[in-house]
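Enquirer: So the protein lines, in turn, are chains E and L. One rule links them: number in my numbering = place in the first sequence (from 1) + 219. One rule links them: number in my numbering = place in the second sequence (from 1) + 219.
Because the hints were derived from the structure by calculation, they are not lab data. Careful, some of the hints might be misleading.
As the list claims (entries may be wrong) - Short, incomplete list of chain L residues facing chain E, as computed with Cβ under 8 Å:
#1 Ala287
#2 Leu296
#3 Leu340
#4 Val404
#5 Ser532
To be verified - For each label pair, taking beta carbons as the anchor points, the in silico distance ranges come out as:
#6 Asp291(E) x Ser440(L): 26 to 36 Å
#7 Thr290(L) x Asp443(E): 31 to 41 Å
#8 Arg362(E) x Lys413(L): 16 to 26 Å
The beta carbon of each residue, even a glycine, is placed where N, CA and C say it ideally should be.
Number of protein chains: 2
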Amino acid sequence: MNGRATFHFQIPVYFGGGAAVAGPKEGQGPMGPFFDLIYDSLQSAEDSWEKTETAMQRDALAKLLEKAALTDGSVDLLLGGDLINQLTVTNFAAVERDIPFLGLYNACATMAEGLLLASSLIGAGFIADAAVVASSHNATSERQFRFPTELGNQRPSWSQWTVTAAGAALLTNRPGPVRLISGTVGRVVDYGVKDANDMGAAMAPAAADTILRHLRAEKASPADYDLILTGDLGRRGRRLLLALLEKELADVDERFQDCGVWMFKENQDVYAGGSGAGCSASVWSGYLPRAMIRGQYRRVLLVGTGALLSAVSVGQGASIPAIAHAVELRTEGKEAR
Amino acid sequence: MNGRATFHFQIPVYFGGGAAVAGPKEGQGPMGPFFDLIYDSLQSAEDSWEKTETAMQRDALAKLLEKAALTDGSVDLLLGGDLINQLTVTNFAAVERDIPFLGLYNACATMAEGLLLASSLIGAGFIADAAVVASSHNATSERQFRFPTELGNQRPSWSQWTVTAAGAALLTNRPGPVRLISGTVGRVVDYGVKDANDMGAAMAPAAADTILRHLRAEKASPADYDLILTGDLGRRGRRLLLALLEKELADVDERFQDCGVWMFKENQDVYAGGSGAGCSASVWSGYLPRAMIRGQYRRVLLVGTGALLSAVSVGQGASIPAIAHAVELRTEGKEAR
Numbered sequence: 220m221n222g223r224a225t226f227h228f229q230i231p232v233y234f235g236g237g238a239a240v241a242g243p244k245e246g247q248g249p250m251g252p253f254f255d256l257i258y259d260s261l262q263s264a265e266d267s268w269e270k271t272e273t274a275m276q277r278d279a280l281a282k283l284l285e286k287a288a289l290t291d292g293s294v295d296l297l298l299g300g301d302l303i304n305q306l307t308v309t310n311f312a313a314v315e316r317d318i319p320f321l322g323l324y325n326a327c328a329t330m331a332e333g334l335l336l337a338s339s340l341i342g343a344g345f346i347a348d349a350a351v352v353a354s355s356h357n358a359t360s361e362r363q364f365r366f367p368t369e370l371g372n373q374r375p376s377w378s379q380w381t382v383t384a385a386g387a388a389l390l391t392n393r394p395g396p397v398r399l400i401s402g403t404v405g406r407v408v409d410y411g412v413k414d415a416n417d418m419g420a421a422m423a424p425a426a427a428d429t430i431l432r433h434l435r436a437e438k439a440s441p442a443d444y445d446l447i448l449t450g451d452l453g454r455r456g457r458r459l460l461l462a463l464l465e466k467e468l469a470d471v472d473e474r475f476q477d478c479g480v481w482m483f484k485e486n487q488d489v490y491a492g493g494s495g496a497g498c499s500a501s502v503w504s505g506y507l508p509r510a511m512i513r514g515q516y517r518r519v520l521l522v523g524t525g526a527l528l529s530a531v532s533v534g535q536g537a538s539i540p541a542i543a544h545a546v547e548l549r550t551e552g553k554e555a556r
Numbered sequence: 220m221n222g223r224a225t226f227h228f229q230i231p232v233y234f235g236g237g238a239a240v241a242g243p244k245e246g247q248g249p250m251g252p253f254f255d256l257i258y259d260s261l262q263s264a265e266d267s268w269e270k271t272e273t274a275m276q277r278d279a280l281a282k283l284l285e286k287a288a289l290t291d292g293s294v295d296l297l298l299g300g301d302l303i304n305q306l307t308v309t310n311f312a313a314v315e316r317d318i319p320f321l322g323l324y325n326a327c328a329t330m331a332e333g334l335l336l337a338s339s340l341i342g343a344g345f346i347a348d349a350a351v352v353a354s355s356h357n358a359t360s361e362r363q364f365r366f367p368t369e370l371g372n373q374r375p376s377w378s379q380w381t382v383t384a385a386g387a388a389l390l391t392n393r394p395g396p397v398r399l400i401s402g403t404v405g406r407v408v409d410y411g412v413k414d415a416n417d418m419g420a421a422m423a424p425a426a427a428d429t430i431l432r433h434l435r436a437e438k439a440s441p442a443d444y445d446l447i448l449t450g451d452l453g454r455r456g457r458r459l460l461l462a463l464l465e466k467e468l469a470d471v472d473e474r475f476q477d478c479g480v481w482m483f484k485e486n487q488d489v490y491a492g493g494s495g496a497g498c499s500a501s502v503w504s505g506y507l508p509r510a511m512i513r514g515q516y517r518r519v520l521l522v523g524t525g526a527l528l529s530a531v532s533v534g535q536g537a538s539i540p541a542i543a544h545a546v547e548l549r550t551e552g553k554e555a556r
């Protein structure tokens with residue numbers, strides 16, 4: 220295994236804006252104030268859950284371009300994906316935009332994959348601006364991956380709640396306060412977890428693998444970061460990640476946080492926390508950049524975590540492989556710690 | 220719409236080898252002699268069609284590395300995808316390799332998407348070697364997108380036959396006879412086709428859009444190429460593509476060919492021809508580079524074509540958006556025409 224899967228962006232790449240759209244339950248959580256738009260129902264004016272999820276991506280992209288004062292013609296590339304079969308949601312958001320499109324799928328690590336690829340293409344000088352989008356929706360995901368939601372099936376205490384949200388971020392070569400420094404592509408890791416409700420356990424080893432590889436490539440330790448923010452490990456997955464890392468690293472402490480834990484309040488009945496491609500996408504496009512710009516975090520490692528399961532593979536008795544991609548951000552104009 | 224979606228690879232990128240694995244019907248077609256391995260059944264020793272498709276990707280990757288005398292540790296990145304929900308097939312091929320992985324989905328344009336992204340990352344100096352893989356399987360696709368194959372459902376004359384094949388290509392910065400010059404990212408185009416059997420009609424407008432944009436960016440005309448090879452338009456889609464292009468271009472003639480037309484003999488009962496992500500992947504990794512190396516074609520434009528449908532979108536009455544990505548190849552050591 221060589222170390223070339225960590226990319227450093229030579230031409231500086233900046234965060235040029237973000238927009239996040241969420242469902243009603245997410246709107247009532249701690250991230251609520253940082254969403255640009257909160258839907259008041261899982262099914263908006265659209266006539267299906269999938270079309271509602273497409274509408275969330277459409278609204279996030281429209282808000283993003285509006286806030287950045289850009290038109291389709293000034294964005295070089297759209298990268299993105301979702302959890303629904305064949306990226307149904309993203310395809311129908313992309314068809315409405317006159318922007319060349321690359322469809323990505325690494326489950327809930329898709330936003331991180333998009334940020335990493337967009338940064339690479341900007342950092343290499345191929346393009347100047349790219350929009351990255353990802354989403355998930357509780358009802359579209361649950362019926363596809365587990366049970367029809369109408370069944371009211373009982374869920375185990377270690378299950379997570381698929382987040383209803385879309386996040387869109389603009390990356391650009393035009394200087395701004397938050398810079399994307401580097402990224403590490405993840406390997407597919409499989410510890411043999413077969414329970415489709417136990418996503419945190421399936422994903423924690425992939426997150427540990429990528430974090431260790433990224434730190435090694437950057438010659439850094441956790442103490443060098445203000446925040447190491449995983450996508451959707453949830454409470455159980457985060458605990459497993461810390462247990463895996465404690466064997467290898469010092470400073471495995473509260474600087475490790477997780478968007479799935481941040482998404483809901485303790486009393487919102489989501490058991491182990493939030494999950495879904497829209498979980499990290501909406502936090503990274505909404506709360507996080509605002510917190511970095513106001514100086515709360517200066518050096519941040521984002522770690523998108525994806526469980527590579529399908530109804531087919533679970534039904535055929537296969538285990539759940541997982542992957543994680545990392546992207547490192549810093550605020551400009553201040554010395555890196 | 221700006222022109223920045225055409226990337227030119229400054230650091231030269233070369234084709235470093237290819238491997239193709241196919242099913243029995245494909246093995247009997249014109250491409251048969253160029254496959255590295257031909258399965259004698261749609262279901263090999265594996266206990267499901269999906270696992271058989273994974274085995275085809277696994278075999279293609281193993282052959283590729285064997286022929287190139289490389290180990291996992293000397294390949295920086297694996298990029299790829301397939302048509303099955305959540306990339307089930309590719310995820311389980313990727314977990315067996317110790318190579319960082321990026322999952323892609325643009326339907327049957329996925330191989331082209333992978334070649335374009337891998338070339339960009341090599342051409343920018345981020346990595347030295349990348350493997351790109353894509354596949355499809357008649358039985359896994361037909362039951363997922365249309366009808367259970369056991370039904371023996373009657374198919375219309377304009378339908379295509381999903382190809383059972385996997386193709387894997389190695390791209391590298393080490394000089395070789397075939398060089399990847401540039402690529403154009405496609406836009407999502409929707410002409411309102413709603414018939415899931417009429418993929419050629421859904422995809423032809425996307426192919427025309429990308430070909431016109433690529434030619435404009437390269438200041439080239441069709442006569443500058445020895446071959447413009449689309450992925451899986453089939454006979455009907457190819458005819459529609461030529462009709463669309465004739466309004467805009469001269470030299471719209473036999474230099475426009477299609478892997479779906481090439482894949483089967485007239486008497487193989489596939490109606491409009493082959494389709495599927497494995498169609499272009501196996502031709503571009505098997506026959507094509509051999510033909511270029513022996514001098515049959517010197518300047519070639521590959522155009523991957525993808526129909527962005529799902530059982531969900533078709534079931535909900537939606538039309539079929541499509542996309543096409545282009546990659547330009549030339550043989551080295553001879554003057555480009």
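Enquirer: Each hint: holds or not?
Expert: Quick rundown of the hints versus the structure:
| no. | hint | result |
| --- | --- | --- |
| 1 | Ala287 | violated (15 Å) |
| 2 | Leu296 | holds (6 Å) |
| 3 | Leu340 | holds (6 Å) |
| 4 | Val404 | holds (4 Å) |
| 5 | Ser532 | holds (5 Å) |
| 6 | Asp291(E) x Ser440(L): 26 to 36 Å | holds (28 Å) |
| 7 | Thr290(L) x Asp443(E): 31 to 41 Å | holds (32 Å) |
| 8 | Arg362(E) x Lys413(L): 16 to 26 Å | holds (24 Å) |
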